[in-house]
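J.: Below are the chains, spelled out letter by letter.
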Amino acid sequence: MKRYIILSILSLIILFGNFKFTLSSSFLQRIISLGPYITEEIYLLGAQDKLVGCTIYCQRPSEAQKKEKVGTVIQINIEKILTLKPDLVIATSLTQKKDIEKLKNLGIRVIKFSSPKNFFEICSQFLELGKILGKYGLAKKIVQEVKDKVLEIKRKTKNLAKVKVFVEVGTNPLFTITKDSFLNDFIEFSGGINIAKDAKTGIYSREAVLKENPDVIIIATMGIIADKEKIIWGKYKNLEAVKNNRIYIMDAYKLCSPTPVSFLETLEELVKILHK
Amino acid sequence: MKEIILKIKNLSCGYDSQIILSDINLTVERGKLLGIIGPNGAGKTTLIRAITGIIRPKQGNIFFEDKDIYQIGLKGLAKKIAVVPQSIITNSMTVEEFVLLGRIPHYKRFQFLETKKDQEIAKKTLELTDTLKLKDRSILEISSGERQLVLIAKALAQEPKLLLLDEPTAHLDIGHQIKIMQLIEKLNKNENLTVLVVLHDLNLASQYCEELVLLNEGKIIRQGSVNEVLNYRDIEKVYKTTVLIKENPLNKRPFIILFPPKGMDE
Amino acid sequence: MRSKIIRWIIWVGILVGFLLIISIFSLFVGSTYIPFKKIISLIFTGKGSIEYSVLFDIRLPRILLGFAIGGALSLAGVILQGLFRNSLVEPYTLGISGGAALGVCLNIILQLDRNLGILSLPVCGFLGAVLIILILYSLSIKKGILKIQELLLMGVMLSFISSSLIMLIMSISRTEDLHGIVFWIMGSLEEPNWSLIKAIVSISLLGLVFSYLFCHALNALSLGEEEALHLGINVEITKRLLFILASLLTGFSVSIAGIIGFVGLAVPHFMRNLVGQDHRILLISSFLSGAGFLILCDTLARTIILPLELPVGVITGILGGSIFIYIISKKQIKL
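Chains as they are written, first to last, in this note's numbering: chain A, 1 to 276; chain B, 1 to 266; chain C, 1 to 335.
You may find that some hints are simply not true.
Using 30 Å as the maximum straight-line C-alpha spacing, the simulated BS3-like pairs for lysine-lysine come out as follows [stated by the list, open to error]:
no., chain 1, residue 1, chain 2, residue 2
1, C, K147, B, K79
2, C, K38, B, K108
3, C, K38, B, K58
4, C, K4, B, K133
5, C, K143, B, K67
6, B, K135, C, K330
7, B, K75, C, K37
8, B, K7, B, K116
9, A, K67, C, K143
10, A, K85, C, K198
11, A, K104, C, K330
12, C, K147, B, K116
13, B, K79, C, K143
Derived from the structure by calculation, the hints contain no laboratory data.
Could you build all of it, start to finish, from the sequences and the hints given here?
T.: Right, dumping it as structure tokens:
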């Protein structure tokens with residue numbers, strides 16, 4: 001009898017002890033997000049009660065603004081994070097390596113979500129987040145819905161005439177998107193051709209744009225710069241995009257925020273722009 | 001009395017590839033007050049630099065108290081030979097602090113502060129040069145005449161056996177010129193300090209030095225008593241000008257009057 | 001003379017006190033308020049609580065790093081200003097920081113830390129600094145003489161070249177790398193590795209002790225190289241050793257903490273006006289005040305706009321620069 005009791009106690013200890021080492025969702029009650037899109041995804045999954053802190057740039061949805069702030073995307077306040085007693089900190093590729101190291105040294109669990117390179121990665125990241133938050137079922141459902149709708153868009157645009165697109169995400173120097181970014185998927189899925197798809201880096205010259213002569217120019221920077229750029233492009237009268245008045249400004253924040261839902265929304269908007 | 005303190009043998013030296021001094025032979029007895037004269041560019045400053053070991057000879061040797069100066073080493077030499085430059089550039093510090101810098105050669109290996117002895121020696125040199133009253137003034141704020149005296153005080157603080165002065169009276173008014181030369185004379189006589197002083201003023205050299213060395217184009221033209229060296233032929237040839245040499249009625253030493261190149265016939 | 005010694009002792013006492021007060025203040029202050037009584041009890045109860053971690057794992061390392069780097073940079077500044085007889089020289093004039101920054105840039109864009117571990121970043125920075133030091137050293141020695149003025153000019157030029165190369169790298173790097181480079185350059189006293197912190201504290205203190213072997217030589221050098229030779233100082237050896245010492249202190253500091261300006265330039269300058277130009281008091285005064293100043297600036301950097309943190313170089317530059325200008329202009333008005 002004694003032997004059995006000891007054995008069962010031992011096995012219970014081992015079982016419970018092991019729990020500590022796995023990312024069991026039920027133990028993750030306090031999460032800090034270091035990236036705006038991660039915060040958005042947490043809200044999408046309905047897990048915002050577990051979110052105890054985020055960056056000052058986590059502005060969507062607007063409820064996120066009420067959460068405790070732990071710094072910017074790049075410079076985080078480690079002391080603040082520590083005092084919030086998180087079970088998990090989700091970092092992005094913009095989080096400084098030193099800070100991640102420091103958090104780990106302080107015994108805080110950190111996961112890094114690198115910037116997704118394409119739609120597929122956006123979805124798999126979302127699913128992983130779902131797993132971590134114990135909302136895998138909901139995540140799967142959302143991803144499936146989005147995937148279905150994306151497929152449908154792809155189907156619809158397959159037979160439409162391809163539109164040459166140049167997407168400007170940065171000015172001075174002129175910056176565009178190559179196939180390394182998920183933004184490229186926007187263009188391809190919506191039936192467009194990204195003129196800079198195979199470029200080596202994102203730095204592009206205006207001359208190269210003129211040479212490629214895109215049908216559509218999309219400016220994805222913010223505020224007055226976007227307006228200025230529209231005027232500057234307008235001066236190149238020989239561009240197809242200028243001739244047909246197809247220079248558009250899109251919300252950079254939404255465009256560059258890689259959640260599945262925002263991806264879909266942006267894709268729909270883009271389809272409207274490209275295939276009026 | 002006839003002890004040799006400094007001996008320069010067959011010295012040739014210069015900077016980079018240029019030879020400034022050639023074949024210099026000079027013997028200085030302890031306690032002598034020797035003046036070094038010569039036109040600009042003759043190599044007077046180079047000679048001082050050679051004696052202190054700053055310029056390595058290309059040929060020849062320099063012996064201080066019978067030892068090769070390169071065997072004595074920089075620090076050892078600094079305890080025996082001190083140089084008074086024409087002027088210095090420095091940060092603001094008090095006269096006392098400045099003079100105490102002269103004690104650095106005597107600091108022991110890890111000595112950090114001045115000892116009582118260092119302070120006493122500094123005080124003594126200030127007294128000798130009649131600058132004790134300036135000890136708390138900033139060295140940048142005193143007059144150039146007073147500063148020259150302070151430079152001498154600092155050199156004396158090194159407790160040298162040989163004092164070298166490089167044109168100490170340049171830029172000074174006649175009152176201070178006399179003061180400096182009298183001080184040098186006093187140090188030479190009372191403290192038995194051997195002095196080598198480079199002078200541009202021939203009359204000061206004549207009046208105060210025991211012996212003279214006339215340098216020109218890196219060579220010693222004449223060496224000897226004041227009367228021997230200050231003769232027409234050598235002076236006129238070396239300085240390329242005409243002079244009139246009379247006897248100073250006050251001390252019977254040669255007195256050189258500058259002769260205008262044109263005009264008066266004699 | 002006694003008064004001079006007393007004056008020095010008083011200055012050291014004041015500066016040590018200043019340093020202690022600032023350090024303790026820095027320990028108290030932060031985004032979490034920890035009451036004084038709690039701190040005392042924490043020291044005795046030991047590990048485990050969050051507050052303990054905040055004090056001793058977050059704040060204390062930063063204070064120690066601020067001490068070491070503020071001291072090292074100020075010390076390097078004093079040494080270089082004495083070596084070059086120019087009070088506008090500072091540790092970054094020689095281009096050593098440019099070399100370190102270049103090393104760090106290359107490390108970031110080549111992602112060397114993936115293969116070589118996170119320690120590779122400061123190591124690359126240090127190697128970059130050493131490269132510049134070697135270049136400067138070998139190019140400035142002609143016929144066995146270390147030419148100080150040429151050293152200075154070459155350092156300035158190397159500094160420009162490094163900056164241009166860094167800008168080149170920044171223009172072709174990915175966004176994530178770019179952010180990493182920019183924020184490294186802005187300077188930070190955040191360092192996860194305790195052994196690195198211990199190392200730099202020891203190096204800094206060793207540097208201070210070592211510099212005192214040259215206190216008389218530095219005083220003599222202030223009169224000029226020839227005059228120093230007349231005083232029996234071996235000027236060549238002194239120049240070389242001091243250059244290497246100052247460069248190493250700078251190289252270590254920059255590779256760990258990035259570029260924190262102003263400390264190496266203005267602290268020695270400022271202290272020279274307060275305590276005098278005698279290096280026996282100047283070396284330690286600059287070290288202590290530089291340390292305290294950097295700790296103060298870092299404390300401000302992490303508390304002024306909570307919960308955000310400013311890069312410490314921003315505070316040293318603005319605060320230090322403004323105070324300095326104010327004091328200099330006041331002096332002129334007095335005249």
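J.: Now tell me, hint by hint, if it's right for this structure.
T.: Hints, verified against the model:
Between the alpha carbons of K147/C and K79/B the distance comes to roughly 27 Å, so the proposed pair stays at or under 30 Å and holds. Between K38/C and K108/B, the direct Cα distance comes to roughly 51 Å. Violation of the 30 Å bound is thereby established for this hinted pair. The hinted pair formed by K38/C and K58/B fails the criterion: a straight-line CA distance of about 75 Å is larger than 30 Å. Restraint check: the Cα-Cα separation between K4/C and K133/B comes to about 18 Å, which is no more than 30 Å; the hinted pair holds.
Among the hinted pairs, K143/C with K67/B is consistent with the structure: their alpha-carbon atoms are about 27 Å apart, no more than 30 Å. A threshold of 30 Å between alpha carbons decides the hint, and for K135/B with K330/C the separation of about 28 Å falls inside it, so the pair holds. Distance hint between K75/B and K37/C is unfulfilled; the C-alpha atoms sit about 59 Å from each other, more than 30 Å. At most 30 Å may separate the alpha-carbon atoms for a hinted pair to count; K7/B and K116/B exceed this at roughly 35 Å.
Of the supplied pair hints, the one linking K67/A and K143/C is violated, its CA atoms being roughly 67 Å apart against a limit of 30 Å. At roughly 28 Å between alpha-carbon atoms, K85/A and K198/C fall within 30 Å of each other, so this suggested pair holds. Restraint check: the Cα-Cα separation between K104/A and K330/C comes to about 49 Å, which exceeds 30 Å; the hinted pair is violated. Of the supplied pair hints, the one linking K147/C and K116/B is violated, its CA atoms being roughly 38 Å apart against a limit of 30 Å.
Note on K79/B and K143/C: the hinted pairing holds, with a Cα-Cα distance of about 28 Å set against a maximum of 30 Å.
Checked against the numbered hints listed earlier, the structure breaks hints 2, 3, 7, 8, 9, 11 and 12; every other hint is satisfied.
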